[in-house]
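**Q** Chain residues, written in single-letter form:
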Amino acid sequence: MAIPMPATRPVVATPKAQRGPAFLSRLDELGRELWQDKLGTLGFAVIVALLLMAIFAPLIAPYDPAAQSVISRLKPPAWLPKGSWEHILGTDHLGRDVLSRVIYGARASLLVGVVVVLAAGTFGVVLGLWAGFKGGRTDSVIMRIVDVQVAFPGLLLILLVISVIGPSMTTMIIVLAITNWMVYARVVRGIVLSVRQMPYVEAAEMIGCRTSRVIFRHILPNLISPLLTLGILEFTNIVLAEAALSFLGLGVQPPATSWGLDVANGRDYIFVAWWLITFPGMSIAITVLAVNLFASWVRVTTDPQEREKRFAYQRAKAAARRGRKAGAGPASQNQGGRS
Amino acid sequence: MLNAVPAASPAPPLLSVQGLDVTYETGAQGFWGRPRAFKALEDISFDLRPGETLGLVGESGSGKTTTGRAVLRRIKASAGKIVFQGKDITNVSGEQLRKLRRNMQLVFQDPYASLNPRMRVIDIVAEPLLVHGLIRHVDEARDRITELLRVVGLPADAHDRFPHAFSGGQRQRIGIARALALQPEFIVADEPVSALDVSVRAQVVNLMQDLQKELGLSYLFIAHDLSVVRHISHRVAILYAGRMVEVAERDELYDHPIHPYTEALLSAVPVPDPRTQRQRKRIVYGGEIPDLVNPPPGCRFSTRCPLATAQCKQEAPKLTERSPGHLVACWNR
Amino acid sequence: MSVSAISSSAPLLEVDNLKVEFDTRRGLVQGLRGVTLSIGRGETLGVVGESGSGKSVTAQAVMGLIDMPGRIASGDIRWKGRSLFGRDGERYAQDIRGKEVAMVFQDPMTSLNPVLKIGTQIGEVLERHLGMTRAQARNRAEELLAAVGISAPRRRLDQHPHEFSGGMRQRVMIAMAIACEPQLLIADEPTTALDVTIQAQILELLAQLQETLGLSVILITHDLGVVAGLCHRVAVMYAGQIIETGLAEDVFERPAHPYTQGLLRSTPRLDEVSDRLVSIEGTPPNLVVPPEGCSFQQRCPLSGEACRKAPRLEHIRPDAEAACWKPSVPAWATPLMSPSMPS
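Chains as they are written, first to last, in the working numbering: chain D, 1 to 339; chain V, 1 to 333; chain Y, 1 to 343.
Simulated from the structure, these hints should not be mistaken for laboratory data. All C-beta atoms, glycine included, are put in the ideal place defined by N, C-alpha and C. Fair warning: there could be bad hints in the mix.
What the hints assert, rightly or not - What follows is a set of in silico ranges between Cβ atoms, one per label pair, in the way DEER data are often shown:
1. V/255 with Y/107: 34 to 40 Å
2. Y/309 with D/51: 58 to 64 Å
3. Y/115 with V/297: 34 to 40 Å
Assemble the whole structure, with the sequences as input and the hints as a guide.
**A** Have a look at this one:
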């Protein structure tokens, strides 16, 4: 349904110097909108906490995550009998502090996630832009490559590459980037094809813009919000993939830590020491959940229509709350149902 | 007086289109099918004199937009010749074509979609100057942009605002300012007012007339009906299904239309006066514009025309001069 | 059909001081600011206005299509004297919408399901609302297509929407709208997306259906010319309010409100020659913060001290109303009529 938007006539002048504060006020507005969405806020808070935890791991972690201590092996968490507050989340089969390992493990997961998303994203976006803009044969060739790689089992490719080169953090990042760029290329190509039809892109060509300017100035900005959402969601995939690879022994190698590696290590002790796989496992789950909650807020926020709708719903809810507090429901006649 | 563009001026035409054809390839029918071609334009010829407005009128599928784009070299001509300022530009490409853009510009139909929503007004209007290397940085052009905005009737504080802060009519003014930035001599206006509200339409049409008088611009003014065209054009050409069916001086065309399709177009525009409108002799022809992939042989209007004879269905009529400057393609009139 | 033939009994549809708001991030947009209108049996009412004037919102409110972020803030809509609001009203509204009141939209492509055959889509309406069997529905659908002037209707039933041209699709939409023999047809810009010669065909069809079926029609449009040929009465909307209403002949010949006068004068006419169109300068007001007093005062050549107070719709003649402090005063200078001179 079309909302009748009155033509707003610019009356107040905005001097150029106000651009900085305008940016701040937009940030402020965004913050307030995020606060309205409790789940989104929760997700965002968890993400920030995880990032801080990863960055300041050496300051937060009570022990060196690799320090072994045979005397205190397989200690349960503090709140269980035999547990002690020296190791809040207990210790593993080598006497390493679980809490410290979880804190350090965040580093591997987040680092791999961010780097892979950036690398795969850049590669995919460039190819997608190229395919969408050039069209014709270039487009066909690139998109067929995408099709072939999508059809090829990713895990098999990863196993192949790693068994040839040998497992390491760098190898894992490269391999994950190689197997995850296709989705960006597809999304970007689709958007480019539709944006190319926009009159303002034609206008840019008509006034004599060179191709590079058309792409970077007029087409690329349209990609930012869909790519943001896509990248955030892909991030969770990568975190899970990293955990899976490390679990299989193909990712992060000891003595470095990673949540996936810890889950793998704890597997043998699952009946005697459940905390070994529970805490790193929960960390993975919480990270993925938090990112998803935040991503769904981002998705709505970057879609003007959805954003408008969310705003209206929140206002309606707030009004209903106020009405209940005041004791008398407003006689508003909301109509639903289309006939 | 605005109408006083000399009919027989000795000056050479600014733009001369001769026998222009445009052929589109459509996707193949089925996997094994061959790509099919259809002629969107067939044998279009017209001249545009300096300072003149030629109204190009046609319904959807008539090829009016294609004509505008082909003249601006956005769409490839498959046959014919386009001569601009005495030079044959039919096959110009690359950097030369980019240079050519300085002299010919386009004003779009949709004032909402034709401005990049992420750019400020000053960036939009200054972009042509920037990409042609006339300025290094947008700020150099500030005064020039202010002047342009004043000319098209926008407030001076419009500079740093984004398009969404403006109404449809104001956005169309921004689009016109962008087209004027390079001081072109020729502007193709592709239905510049049909997306605007009635009261605003008049503002934009009047602005375009004023600019023409001040800057000596030539317009190819594309429209889908004959109402606004009457007020802005010196000459009017009618397109039907990719062919030109009638061209004449404005008043000649409105007062003495010859082609049956022109008559139908004229009678289809409703007059805002109940008494007149109810008494008017309405000519409503049934049927629709023919499929251009398999066009009927002969006159394209023959499927709807009440006068159609066997000859019309066999042989396409050529444009012939009926009185000085009045050309019609019809066997029976 | 002559104007006198309109029955004087209770109006079919009454809209009473209707206010609709849209809660947007830019603020509360007052889409409708107290709209009152009524339509009798067999009558054709033209609602004219520019974009944002609230003409479509009025129709959407009647059809129950006001959705988030919009809401009906106050006012009433009555069908044959019964309100469509409140618990009983909503049930009543469900019964009549789509059946006794039907609507035709501007864009026929988005209102038709592209993957279903035309016959199936019309048949669905008949089966659901009238409880017809499939065979009955098919026969009736064929009759309906014939009634809206589609040739070879039996063959056309088995075609998909993309095989129809724009004008034909609009005919199909009209066929679906009249399928349940409604008493009121609301047509929201039914010809705006069509070519002029096709527009003429559709308008002719509407006029003919109105006469043969005794329909009441509300025709919503921005084009005064479309209204002139078809409507008995006209309501002119501006900034969410009706600012003038009356018999079509009167409104066109003696427009009372300066906005109506301006609108008439800025509409290009084929029966008059001038080199210059007359324009109304400025733009419609922002409905987040509607101006105090008359909403047209910023653009009105007559505006004065009195216009700071909002004028109410008042009778200027027995069957004409205008919301203006200086009604029927010529607001704009007569246009410069330059005779067309072949030079």
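**Q** Okay, which hints does this one fail, numbers in order?
**A** none
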